[in-house]
Amino acid sequence: MLIGDESETDLGGDAVRVEPLRRSARVSIAVLLATVACTCDAPANRPGASAQPPADQSAPASAPARFDPAQVALPGDAPERRVIATASPADAARLARAALEGSGDLDNPVDAATRGRLLWLAARAANEAELPEEAEALLETLGASNHPLSPWARLELAQQLGEDAPARVIELLEAMPTEFPGTARARALLAVALAREGRTDEAIPALRALVAAAPAHVGAATPGMPLAELLSASEDSADREEALLLYRRIATRAPGARVGMLARERATVVLETLPPERRDALRAIPAADRFIAAEAYFNAMRHEEAAVAFGELAGDPEESIRCRARLMQGKALLRRRRRDEGSAHLEAVATECDDLNTRAAARYLAARAHGRRGRHHKALDLYDALVRDAPLHRLADDAVYRSAFSAEALGHDDDMRVRFERAATEFPDGDMGGEALFHLAWDARTRAAAAPAGAGDAPQGGESTGRPTSASLYEDALRHLDTALSNDPQEHGVDLRGRAAYWRARTLVDLGRGDEGAAAYDELARRYPLSYYAQQALRRLAEIAPDRSTAALATMAAAPGSEATLTFPMREELSTDAFARAVELLRVDEADRAMAELEVAGLLTDEDDEEALWLTAALLDRAGAHPQASLLARRRLRAFLDEPPTGVARQRWRIAYPRAFAPLIEEAAEAEGVPPTFVRAIAREESAFNPRAVSVARAYGLIQLIRPTARRFGDELGLPSDPSALKTPEINVRIGTRFIGFLFRRYADNPAIVPSAYNAGEGASDRWLRQRGTLPLDEWIESIPYDETRRYTRRVIQTWGTYSWLDEGRLPALSEQLPRAPGR
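Quick note on the numbering used here: the sequence shown kicks off at 471 and runs consecutively.
Hint data in this document are derived by calculation from the structure and do not stem from the laboratory.
There's no promise every hint is true.
Listed next, with one range per pair, are the computed distances between beta-carbon atoms [claimed, not checked]:
| hint | residue 1 | residue 2 | range |
| --- | --- | --- | --- |
| 1 | Asp825 | Gly982 | 51 to 57 Å |
| 2 | Thr821 | Asp750 | 34 to 40 Å |
| 3 | Asp824 | Pro685 | 27 to 33 Å |
| 4 | Arg1280 | Asp825 | 55 to 61 Å |
| 5 | Ala751 | Arg1181 | 52 to 58 Å |
Since we're looking at a predicted model, the values are computed, not measured.
Idealized CB from N, CA, C, for every residue including glycine.
Hey, can you work out the whole structure from these sequences and the hints?
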C-alpha cells in the first residue's frame, strides 16, 4: 500500500484512498480477455459529433444541428443497465463477463463501445467482490484500448497495483491525457512509483511540485507522505527538517485520520534525528498549524476535541491567534450543547479581546445562546452592547432584528416594534430589513384579529376604545408589506418566494377589498408558479374567485401531447475528448467522475452561460444521474422557477424535481399508504437525493434518519438501523416511509402538519397545535417558533405540491382547518 494513500474523508484527509490488495487465487479469464482484447479499439461514438442522426433531407439546408442529451442514455435492454442494476457484486461481475463472452442470457453481440463499458463494469464489480486480480486484468485490457474510458482504467489500475509493480505503474501513467481530471492523482502515483523504482532524482522534484501546488489548508498527504519518507532517510539534515515539516502539515490538516496520526508519529521520530539546536528550535508546533488542526476537528463535527484543541491555544502570546481560538472554542462548546458554559465563555471573549470582529461575533453568539435558554434580559444586553460597540458591523442589523424577539418574549411589545423598525430603517446595507418589515406586518395582523371593529363595521352606537381598530391595523400591515415589496420584490430563499405578496393579498381580503385580493392572489400564482405561497394563494383564490383559480392553474397545465424535447445548439465543448469521456462515464454510473470531465470540457466553468449549465444538467438527468442534475439546477439555475412548467420549461422543472429512486419510493409509499410524491419531497429536501448524506445532527441517508427513530421503526420491519444500513437506499426508504406513514395517520385530518413533526418531532407539533390550534393552516405554519422547522415545513409542502403537479396534474388537497392535537 502507498503510505500516503491511507487517508479517509475524516478530518480533512485529502489523499486518495487505496484499499489494500487482497490476493486470492487468480481467476482464469484468459479466454475472456482474448475475446475482447481486439474489439475495444474502435472509437466510441461521440454524442456531440458522429453520433448525430442523419439530417432530414426535407429540412431546410440552413437548419442548425442541435444536441439532444437523451441520446446519451442507453437503451432499456442494454447489458450495461442489467449489470448496474444487479445488487450483488459477484452477480454483476458474472453478468458482465457473460455479456463480454457473448454467452449466457446476454448473448447478443456487443459493439466496441459497449465492450469497453462492460470491461469497466466487470472490473468494478470484481473489486467489490474482492477479486482484485480479475479486476486488474480487466482494467489492463480496457486501458490498452482507445476507448474513452481507457485513461480512467489506466489510472484505476495504477492505483490498484501501487507499490507492487512500480515499473508497470510508470508505463501506465507516463502518457496520460494533458487535460484530464485525474492528472494530479496520476502525477502523484507516478512520482511515488518513480521513488519505488529508485529514481529519486525524478521523484523528489515531482513530489515537491505536487505539494507546492496544494492549497495551504490541505495536507497533501498523497504526495507529502512518500516525499517525507524519502527526505527523512537523507543524510542531509535540511532534507530531514523538510520531512518534519511535511509530516506536521499532514498531521495538523488531518488530525483524526489514520494518515494524520501516522504522520504525527513519524514527525516525532524525525525530530529526534535533527541536530540539537534545530531540534530545540522546531520542537514546538507553530500556533498557526495547531489552529488549523483545531479547525479540522471543528469542521469534522468533532466539537469536543475542537474545544480542547482551541482551548490549548487560549494562552498564546499573539492576540490574534489567542482571540480567534477562544472564539472558536466558544462555538465548539455551543455545538456540543454546552450553552451555559459556551455563552459565559463568549461573554469573556467579548470583553477581553481587542479585535472588533471577534467581539461582535462573540456577543452575537452568546446572545443567541442566552435567548435559546430563555434568558432574554441577558440576550438584550448583549445585542445592545454589540450595536453600541460596532454599529457598522455586518452583525449589527442582525443583532437589532434578533433583539426584537427577546423583547417580545419579555412582553415588551412596544420595544419589539421599535427594534423591528430600527432593523428595517437604520441599516440600508443590511440584509434583515425585509424580515423586519414582514414581522411588523405580522404583528399588525395579529393585533388586528383581536382589535375592536373598525370604521364602517363598528356596532351601532359603539364608543371608541382608544385602541387601534382592526381596519387601521390591517392598513398598517399593508403599508409594511408594500414597503417590503418595493425594497425587495424578489424575496430571498426558495421558501420565501411570494411571501410578502401573499400576505398582502390576505390583508386586502381581510380589509373587505376582495376583488383586489383576488387579483393579488392571481398575480402571485402566475409570478411564482408552484412556490409555497403560490400554492396557498391558489387555495385561497379557489374560495373567493374559483374561475380565476381555474384559469391560473391552466397556465401551468401541460396539454396532452405537448411535451417538448429539450435540445441545445451544437457547441465546441461537445467535440472534446473530455466530453466523450464524460458520456461514457455516465453510461457506467460514474456521475462524479463525469462531472469532473464536464468541468474540464468547459461546460461548468461560466456561471453566466446558462445554456451550458442546462445542457449539463439535462445530460446528467437523461443518464440517470438525478441527484447531480437536480442539485445543479437548484444551486445555479434557479431562474426556471419563474416559468410555468409547460413546454420546454417543464423539462427544466423535471430536471430539478426528478422522479429519483423510482420505483423504490413508489413501492415503499404504497406499502405504508402515503403519497409517493410526499416521500420523494422529503428525500429531496432532506438529502438532495444523496443516499450517503450525514447531517450535523448525525441523521443518515436519503430520508435523513437519526438512530433512535430508525431503531423505533426499523425494528417493526425487522431492518437494521446502524449508520451503514441507513446509507442503503432500500433500507433507509423503507424505514423512513414507515415513520412518514405513522405521522400521516397521526395527523390524518391535515397532513400539512407532517413536515413540522418530521423535522421537530411529533411532540413539538402537538404542543403547537394545542397552543395555536384555532389558527388557519397558513397562519399556523407562519407561527412555528423554530426557524429551521418553519422553513423546512414550507419547503416540503412546496416540493410536495410541485411533485404532485408534475406527476399527477393536481395540487395536494390541504385544509385550512387544523387537526386536534392527539390526546387533546
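Hints, one by one, checked against the model:
1. For Asp825 and Gly982, the hinted distance range of 51 to 57 Å is satisfied, since their beta carbons lie about 56 Å from each other.
2. A hinted range of 34 to 40 Å holds for the C-beta pair Thr821 and Asp750, which are about 37 Å apart.
3. Remark: the range hint 27 to 33 Å for Asp824 to Pro685 is upheld by a beta-carbon distance near 29 Å.
4. Against the hinted window of 55 to 61 Å, the Cβ-Cβ separation of Arg1280 and Asp825 comes to about 56 Å, which satisfies the hint.
5. With their beta carbons about 54 Å apart, Ala751 and Arg1181 fall inside the hinted range of 52 to 58 Å.
When each numbered hint is compared with the structure, no violation occurs for any of them.
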